[in-house]
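Full structure from sequences and hints, please.
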Amino acid sequence: MMDNLRAASNHVVLKIILGLIILSFVLTGVGNYLIGGNSDYAAKVNGHEISRGELEQAFNNERNRQQQMLGDQFSQLASNDGYMQQMRQQALSQLIDQALLDQYIKDLHIGISDDQVKQAIFNQQAFQTNGKFDNAKYNGLIASMGFSADQYAEALRKQLATQQLINAIANTDFMLKGETSKLVDLVSQQREIRQAVIDVNALAAKQTASDDEINQYYQQHQSSFMAPEQFRVSYIKMDAASLQENASEADIQSWYDQHKADYSQPQRNRYSIIQTKTEADANAVLDALKKGEDFATLAKSKSIDPISARKGGDMGWLEPNTTPDELKNANLTQKGQLSGVIKSSVGFLVVRLDDIQPEQVKPLAEVHDAVADKVKQEKAVDAFYKMQQKVSEAASNDNESLAGAAQASGLKVVETGWITRDNVPADLDFDAVKQAIFNGGLTGQNGAPGNNSDIISVDGDRAFVLRISEHKPEAVKPLDQVKVQIADSLKHDKATQQAKAQADKLLTELKAGKQDALQAAGLTLSASKTVDRNAQDPVAQAAFNLPQPADNQPSWGVSEDMQGNVVLVALDKVSAGNMPQAQIDEMVKGVTQNNAQIAFEALLENLRKAAKIKYGTAAQNQ
Numbered sequence: 001m002m003d004n005l006r007a008a009s010n011h012v013v014l015k016i017i018l019g020l021i022i023l024s025f026v027l028t029g030v031g032n033y034l035i036g037g038n039s040d041y042a043a044k045v046n047g048h049e050i051s052r053g054e055l056e057q058a059f060n061n062e063r064n065r066q067q068q069m070l071g072d073q074f075s076q077l078a079s080n081d082g083y084m085q086q087m088r089q090q091a092l093s094q095l096i097d098q099a100l101l102d103q104y105i106k107d108l109h110i111g112i113s114d115d116q117v118k119q120a121i122f123n124q125q126a127f128q129t130n131g132k133f134d135n136a137k138y139n140g141l142i143a144s145m146g147f148s149a150d151q152y153a154e155a156l157r158k159q160l161a162t163q164q165l166i167n168a169i170a171n172t173d174f175m176l177k178g179e180t181s182k183l184v185d186l187v188s189q190q191r192e193i194r195q196a197v198i199d200v201n202a203l204a205a206k207q208t209a210s211d212d213e214i215n216q217y218y219q220q221h222q223s224s225f226m227a228p229e230q231f232r233v234s235y236i237k238m239d240a241a242s243l244q245e246n247a248s249e250a251d252i253q254s255w256y257d258q259h260k261a262d263y264s265q266p267q268r269n270r271y272s273i274i275q276t277k278t279e280a281d282a283n284a285v286l287d288a289l290k291k292g293e294d295f296a297t298l299a300k301s302k303s304i305d306p307i308s309a310r311k312g313g314d315m316g317w318l319e320p321n322t323t324p325d326e327l328k329n330a331n332l333t334q335k336g337q338l339s340g341v342i343k344s345s346v347g348f349l350v351v352r353l354d355d356i357q358p359e360q361v362k363p364l365a366e367v368h369d370a371v372a373d374k375v376k377q378e379k380a381v382d383a384f385y386k387m388q389q390k391v392s393e394a395a396s397n398d399n400e401s402l403a404g405a406a407q408a409s410g411l412k413v414v415e416t417g418w419i420t421r422d423n424v425p426a427d428l429d430f431d432a433v434k435q436a437i438f439n440g441g442l443t444g445q446n447g448a449p450g451n452n453s454d455i456i457s458v459d460g461d462r463a464f465v466l467r468i469s470e471h472k473p474e475a476v477k478p479l480d481q482v483k484v485q486i487a488d489s490l491k492h493d494k495a496t497q498q499a500k501a502q503a504d505k506l507l508t509e510l511k512a513g514k515q516d517a518l519q520a521a522g523l524t525l526s527a528s529k530t531v532d533r534n535a536q537d538p539v540a541q542a543a544f545n546l547p548q549p550a551d552n553q554p555s556w557g558v559s560e561d562m563q564g565n566v567v568l569v570a571l572d573k574v575s576a577g578n579m580p581q582a583q584i585d586e587m588v589k590g591v592t593q594n595n596a597q598i599a600f601e602a603l604l605e606n607l608r609k610a611a612k613i614k615y616g617t618a619a620q621n622q
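Residue numbers (UniProt numbering): 1 to 622.
Since the hints were made in silico from the structure, they are not lab data. Among the clues, some could well be false.
Said to hold, decoys possible - As a list, the in silico DSSO-like pairs of lysine-lysine whose alpha-carbon atoms are at most 27 Å apart:
| id | residue 1 | residue 2 |
| --- | --- | --- |
| 1 | K514 | K529 |
| 2 | K237 | K374 |
| 3 | K277 | K328 |
| 4 | K237 | K390 |
| 5 | K390 | K44 |
| 6 | K412 | K237 |
| 7 | K300 | K328 |
| 8 | K376 | K237 |
| 9 | K328 | K343 |
| 10 | K290 | K300 |
| 11 | K106 | K158 |
| 12 | K390 | K362 |
| 13 | K158 | K614 |
| 14 | K514 | K491 |
| 15 | K376 | K362 |
| 16 | K277 | K260 |
| 17 | K573 | K511 |
Claimed, not checked - For each label pair, taking beta carbons as the anchor points, the in silico distance ranges come out as:
| id | residue 1 | residue 2 | range |
| --- | --- | --- | --- |
| 18 | G131 | Y83 | 16 to 22 Å |
| 19 | V574 | D504 | 23 to 29 Å |
| 20 | A602 | Q119 | 54 to 60 Å |
| 21 | K477 | A535 | 35 to 41 Å |
| 22 | G590 | A370 | 58 to 64 Å |
All values reported here derive from a predicted model rather than from experimental measurement. Quick reminder that beta carbons are idealized off the backbone N, C-alpha and C, glycines included.
Structure, rendered in structure tokens:
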């Protein structure tokens, strides 16, 4: 059965290859699912064993995926044992779900034929070159994933069966026309509102906060007043660009002599060819040429190479690395010289050497400035690495300061002020430098200075050596630093409470029909405006929670605006909106997909409840 698949995949015409479905399947741990496990299993699902190796593969795949997605942030997460434990448990849960689905698919007798497997392989872009199946790429990729052709096809068969089940669930959900119409009316609905704003900031300016209130608030909310961990850093910055010096003429000449090939154009030859199918045809062409017939005329009429034939056999200028071996081996050295009959991979050739262009070397005067720049760059980089070596040795020998490193480099030690993770100076804003500062390795006991760092190289031929001069751990800010902030917060809270109480009182009066209540409170309603459900304004959102107005009277409510002010909302009118058909279709699609996802999750939940799942030592020892 699988022999047919292998034969098809090797056929020249069928070079079309696989991709995303299989790759995602393998990356979720299916590879080891095929291989099996040992007695130290992770779980048994209705008797089916999930091996330790399978769990480790799934965990490592997820770890690699997150590392690629999160980059440098992942190293911080990976140091959290709880996070990594959660990732491992999630990997095991996914393997159990896959085993349950495989068993359910088997019970439903969902089958995938060999032809479906072959077609899935041929249709995948991951194994295609220029839109066609590439057998070499196919074999190389599945081999790199540890699969034979049979194993790979079987893995794909399982994934296609799972996809068929998912599609069956997804395609069972739909919306009736009446349901769609009601949903469109609801989603596109518009409301006309007016609003009266109670200015909280104005009320806050009239509030007071006692020392006792401030102290009590400080004691109860100390976690809100944490000063972040702080560092003072001493460092020496080495930069290859700053070490550039003028290049001597002797150095420029020496570098030019050593790299002359970079400024040379090798000898170029110009050939013409006549290509024939048979040796007899080539001999006939050669005889005609020797009798004086024109080469270009014969090439146009006799050569089977359409490109060169149109040009009278002319191949253009060829350098040694672009000259075919057949032409090189003809050993033509004189202009106009003819070859004999040459056998080649495309038939038989008769070749003529039309012209020779000797090697051309740009004189130093023409490239002097470019060579000088090269010399300066190389000297600077050489000096840069020598300086790094000196600084590294000096910083290691004198670990109490950077004085020795400064003397060895001839550079000044730079001192920063207090810095945190959020205000690193631009000069030090490199991931490797920040990691050295903040990972704790350079801080001594009780915040004392620690050792000098190793050389830290960054992009652009730059490097640093640094030490922590002072360190302050995370701590609660003293009360005198946050007293004003607390007082403002207390005043604002009191003002907000006062505004809400006033709004509730007004709301009661307005609902009772006292239309002059707002005027008596010194408030006025704004002009009417129309809002829809997509508005991000919390006042507009509140309007959609109000009942429809009745008896030509507005419906009243209370909300807060984006500035934190308390707002009385008058809903005057509710009207139907409209929605483009494309948006309606997209909305219906989203609803049905969401329903399908809920149905699929419910299926998995039921399968878990009905299953006998036993966790092995590989899972318990996570």
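Structure-based check of each hint:
1. K514 / K529: Holds, at roughly 23 Å.
2. K237 / K374: holds, 23 Å
3. K277 / K328: Measuring from Cα to Cα gives roughly 21 Å; hence the hint holds.
4. K237 / K390: holds, 14 Å
5. K390 / K44: Since the Cα atoms of K390 and K44 sit roughly 60 Å apart, the hinted pair is violated (cutoff 27 Å).
6. K412 / K237: holds, 8 Å
7. K300 / K328: holds, 23 Å
8. K376 / K237: Given that 27 Å is the threshold and the Cα spacing comes to 20 Å, the pair holds.
9. K328 / K343: With a Cα-Cα distance of about 13 Å, the restraint between K328 and K343 holds, given a limit of 27 Å.
10. K290 / K300: holds, 17 Å
11. K106 / K158: holds, 10 Å
12. K390 / K362: Violated, at about 40 Å.
13. K158 / K614: holds, 23 Å
14. K514 / K491: violated, 31 Å
15. K376 / K362: Holds: K376 and K362 sit about 20 Å apart, inside 27 Å.
16. K277 / K260: Violated, at about 44 Å.
17. K573 / K511: holds, 16 Å
18. G131 / Y83: 16 to 22 Å: Distance hint for G131, Y83 is violated at roughly 42 Å.
19. V574 / D504: 23 to 29 Å: Since V574 and D504 have Cβ atoms about 24 Å apart, the given range 23 to 29 Å holds.
20. A602 / Q119: 54 to 60 Å: Violated, since A602 and Q119 (Cβ atoms, about 32 Å apart) do not stay within the stated range.
21. K477 / A535: 35 to 41 Å: holds, 39 Å
22. G590 / A370: 58 to 64 Å: holds, 60 Å
Violated hints, listed in ascending order, are 5, 12, 14, 16, 18, 20; each of the other numbered hints is respected by the structure.
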